[in-house]
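Protein chains: 2
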Amino acid sequence: MRENVVVIGAVALGPKAACRYKRLNPESHVVLLDRGQRISYGGCGIPYYVSGDVSDADELQSTSFHMLRDTAFFRDTKDIEARPGTEALEIDRAAKTVRVKNLATGAEELLPYDKLVIATGSSPRRLPVPGADLPGVHVVADLDAAVKIREGLSGGSVGSAVVVGAGFIGLEMAVALADMWGIGTTVVEYAPSVLPTVLSPTLAAMAQRHMEEKDVSFRLGAQVTAIEGDGKAQRVQVKTANGVETLDADLVIMSVGVTPNTELAKAAGLKVSARGGLVVDETLRTSDPDIFAGGDCAEIKNLVTGQDFFLPLGSLANRQGRVIGDNLHGLSSRFPGAAGAWCVKLFEQNAAGVGLTLEAAKRAGFDAVSVQVSQFDRAHFFPEKDFMFLELVAERGTRRVLGVQGVSVMGDALVGRIGAVSALMPHTPTTTDLSLLELPYSPPFSSAMDIVNMLGNVGENILTGRNNSIDPFEFAALFDERDSDALFFLDCRELGNAASYLKAYPGVWHHIPQGQLAGRLAEVPRDRKVVLVCNSGARSYEAFVTLAHAGYPSVVNVAGGMVSLNHAGVDPKV
Amino acid sequence: MRENVVVIGAVALGPKAACRYKRLNPESHVVLLDRGQRISYGGCGIPYYVSGDVSDADELQSTSFHMLRDTAFFRDTKDIEARPGTEALEIDRAAKTVRVKNLATGAEELLPYDKLVIATGSSPRRLPVPGADLPGVHVVADLDAAVKIREGLSGGSVGSAVVVGAGFIGLEMAVALADMWGIGTTVVEYAPSVLPTVLSPTLAAMAQRHMEEKDVSFRLGAQVTAIEGDGKAQRVQVKTANGVETLDADLVIMSVGVTPNTELAKAAGLKVSARGGLVVDETLRTSDPDIFAGGDCAEIKNLVTGQDFFLPLGSLANRQGRVIGDNLHGLSSRFPGAAGAWCVKLFEQNAAGVGLTLEAAKRAGFDAVSVQVSQFDRAHFFPEKDFMFLELVAERGTRRVLGVQGVSVMGDALVGRIGAVSALMPHTPTTTDLSLLELPYSPPFSSAMDIVNMLGNVGENILTGRNNSIDPFEFAALFDERDSDALFFLDCRELGNAASYLKAYPGVWHHIPQGQLAGRLAEVPRDRKVVLVCNSGARSYEAFVTLAHAGYPSVVNVAGGMVSLNHAGVDPKV
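Residue numbers (numbering that gives the first Met the number 0), protein chains in the order written: chain A, 0 to 573; chain B, 0 to 573.
No lab work stands behind these hints, which were simulated from the structure alone. Treat the hints with caution; some may be incorrect.
The list cannot tell twin chains apart, which means a pair is met if one copy fits it or any two copies do.
Within a straight-line C-alpha distance of at most 27 Å, the following computed BS3-like cross-link-like pairs (lysine-lysine) qualify [as the list claims (entries may be wrong)]:
(1) Lys528 / Lys77
(2) Lys528 / Lys572
(3) Lys384 / Lys213
(4) Lys502 / Lys100
(5) Lys572 / Lys147
(6) Lys572 / Lys384
(7) Lys231 / Lys265
(8) Lys572 / Lys265
(9) Lys300 / Lys265
(10) Lys502 / Lys572
(11) Lys300 / Lys238
(12) Lys502 / Lys528
Small disclaimer: the values here were computed from a predicted structure and weren't measured.
Go ahead and model the full structure; you've got the sequences and the hints to work with.
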């Protein structure tokens, strides 16, 4: 059946939907248009192009076997009419036409459609501060913008940079600048920690510390109030709790989120949410059943909260593109939503997560708790291994898993764990499901009791009142009050581990090896809050059980132990 | 409540159950006994101890912070009475006692129990052939046996070895011998491919080829008929389709599976299946509600087939141990079964899987098909990457996912993918669930369309008749018949890729770039089976769509393309 399909937007979702549909219905006529000259490129690869990891911008626009996805490619291999440099000006839903303009010639044209796909994506925000649109202030809008940034870097005139925003792209750009170009880079973030919407303060501190070791500086809880500059030298004015500071930078990159591009859809009378995203149903149809939308311009259902949310990710756009391709052909494919899985590589450190952080869970109305676990990513006797830190966010009462986040230098291993949890998320898992989760096991890859199982176990113990843990920052706050008579810090490791702390904190740091605790209860006061610590949290949990069984009224256990305190940078200094 | 709990078997499940229960009920008296002197060690680590990766056997018996889990450890830190070197002789269910014998002194004793745990594990099989129990023929029974093998290796008297059995432990031992000790190693396997119960012939060939590159030799489809030897020099007689061969070996390791240790349970009248495993319910109770069992001596439900099966894995034993610990205390924890997730590291190659292979699925009565995909494990433009090969086994009609297996040099990345599929398995996923699976995405970790999503997409296309693929071995069989007038081999890559094949196979190898195919259909005969090939299977699928749309009656497409043919060792030689 010959149908006319017009796809507005030719990055990620647009090409995917067009190609899938065209394969299902080779008779159809598909037009794929885009304002930009470059189409069908991997936008998520931009930081790796800026860094130089990806040597040529064309690589981001090529297939895995090095064919450039240009107009000729779409014509010859896909029988799709691609029109780069073409802007959609207006959708006439009654006449079923799109008025488009060739940006080079200015010529306008009406394209008829039977079905329309809106894949207009999103645009980077700029802060509403003076100077935000100066020529020295870049946003990571598209591949052409990235080419300009890299030209500046290649020229060698950039020695210092300020990145505004410590989200995914901001941090990836900071890594690109500092790692590959050796540029002195400062990241300014309004929130008090990096990746604030997706990581807890503890895990964020671990990621931040690693980046600081790689010479990236941070100003957190900091507000950019103005930018001055001539394109060559910029001055970024930053207000923090300590006052106002001015950061000099040859280059400023602003990465403070994106806004869905929905003007065209709004003008056509399509339903757009208060948050600004196109509203679609599970078949990815807009309020007009002949018009589909997905990717960065549309909202989707959050499988954890049940509310619509906005998840601008190339992977999501690709999966949605296939669903739209199916439904253009009259199949009934559905896109049920997403739990919000993500990952990011920051030098040799990695972070990943899915679902809600504790803060996000509370904001969404859940009675939520979180618990952290530190464990080797593989069998502890295996020679090559490193620590992984995971945090579970769960709902009291139901013990439902609301989110899991983590940090580890073992990137693929971390992402694998988060991927497994993500696979469970549509099935409303509980902590028991994590305890029982079946993961492939062999010592070079995991422990016999995998860290995800352990996370479920610890979570269950916390939620059933069998354990009572505090996170590293809560420990640090208590340790700041260490001279208080109300606190008793008890190190339950062997003496070799505890000795230097006993020396550094006499009268404050106490020590009974966990194996001796049951016989030495007389040394532990009952009228103080006992703060238990060991290396990883395992022995302090055993000690917790001993004290709880002996009727101690107030005992807490440092989740993740000294390893977590150390990685978060809040271990007592000796 | 003071209860007497006796746990028979102190490796993996036994200690886990004992410790969990003891924490839940600190009043209880728990006895943990084992025939062996070494208890609570990581048996899965034995190949890494034999290789020398793990330098000391004590490391396998230690906590992650280097405390040896011996009798004193269990007494002091767990308040558990561990009795190594103690054999359970008889269970008197009426009297609720276990008669035990101290293997050092010969003294017998009756231990009363309120609840009993049978964690007797399994024993390695020996082939019923002459010489199978000679002193030069070792089985990987326990850590003590491993210590003996390594002593022999350290002595430097072992220059050649034969490993009988190409299952997990056999291959891991072959790697240990060849990689770390440089020993000329031959693996003899009765089945026609390695890891025959868990990998398809194609994926197995990929794993085998890598091991051959590392100088391990194989005799597949080969039967050991006799062994002679004096402990120093052995002669292994092997019968293959080509005749009888004798392999000389300083060391023979026999690794041909394990048998559950259930004599004690059987003698006590507990229910044991025809396959020889203890029968337990979801609470891991045996036919006697006061007696629990799990780990290698018990059977569990296979979540794919619904039938009981036998999965001797330390990870499963640990998860079950916790469930038993809960239920000893009167909680109602359940162990629903397993889908059979596994992974193995073979030099720099890795294999992993979950669920059924095509062969196993057919044997279980499923109307199953399989499909293979090859793709980079991360964004193709990212500098560090490598191919991953996945195979999907799915049921016709329902499109239910019955299994996924894979091979890749990117081990954690592969295991992560299999882990995500494994997490889905209890929820009876379909190919659509794989297409929509939400995995964390960033270019250093994955493609925007992850290989698991791609596997779902390709599977769906196959199952709905939109694609028709053959695997590398099916291609090889067709290519053997290449002079037949019934076949037309069509390379749809660019000329640069195809040229050497055109030269090597004139008149057989044909070439039309996929982008030109629609305009050059006259060159493609309609009365022959058209065999399409490209690099990865993507362009040949586009070509398939073109030919199918043009009404070609017989077209097949090589799944995974030249990359898979090459890795499986069946690409046409040029």
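Checked hints:
Taking the shortest alpha-carbon separations for Lys528 and Lys77, only the inter-copy value of 24 Å comes in at or below 27 Å, while the best intra-copy value is 69 Å. When the C-alpha separation of Lys528 and Lys572 is checked against a cutoff of 27 Å, the pair qualifies only within one copy, where the shortest distance is 22 Å, while the shortest distance between copies is 74 Å. Proximity of Lys384 and Lys213 under a CA criterion of 27 Å is satisfied in both settings, with 21 Å inside one chain copy and 24 Å between copies. Taking identical chains as interchangeable, the C-alpha atoms of Lys502 and Lys100 are never at most 27 Å apart, the minima being 76 Å within one chain and 49 Å between chains.
Taking CA atoms no more than 27 Å apart as the test, Lys572 paired with Lys147 passes in neither setting, with 46 Å inside one copy and 46 Å between copies. Taking the closest pair of Cα atoms, Lys572 and Lys384 come within 27 Å of each other only inside a single copy of the chain (26 Å); across copies the shortest separation is 40 Å, beyond that limit. For the identical chains of this complex, Lys231 and Lys265 are neighbours neither inside a copy (39 Å) nor across copies (84 Å), given an alpha-carbon limit of 27 Å. Neither within a single protomer nor between protomers do Lys572 and Lys265 lie at most 27 Å apart by alpha-carbon distance, with minima of 57 Å and 59 Å respectively.
In the homo-oligomer, the alpha carbons of Lys300 and Lys265 lie at most 27 Å apart inside one protomer (20 Å), although the nearest pairing across protomers, at 54 Å, exceeds that limit. When the C-alpha separation of Lys502 and Lys572 is checked against a cutoff of 27 Å, the pair qualifies only within one copy, where the shortest distance is 11 Å, while the shortest distance between copies is 71 Å. For the identical chains of this complex, Lys300 and Lys238 are neighbours neither inside a copy (36 Å) nor across copies (61 Å), given an alpha-carbon limit of 27 Å. For the homomeric pair Lys502 and Lys528, the shortest alpha-carbon distance inside one copy (22 Å) is at most 27 Å, but the shortest distance between copies (82 Å) is not.
The structure shown violates the earlier hints numbered 4, 5, 7, 8 and 11.
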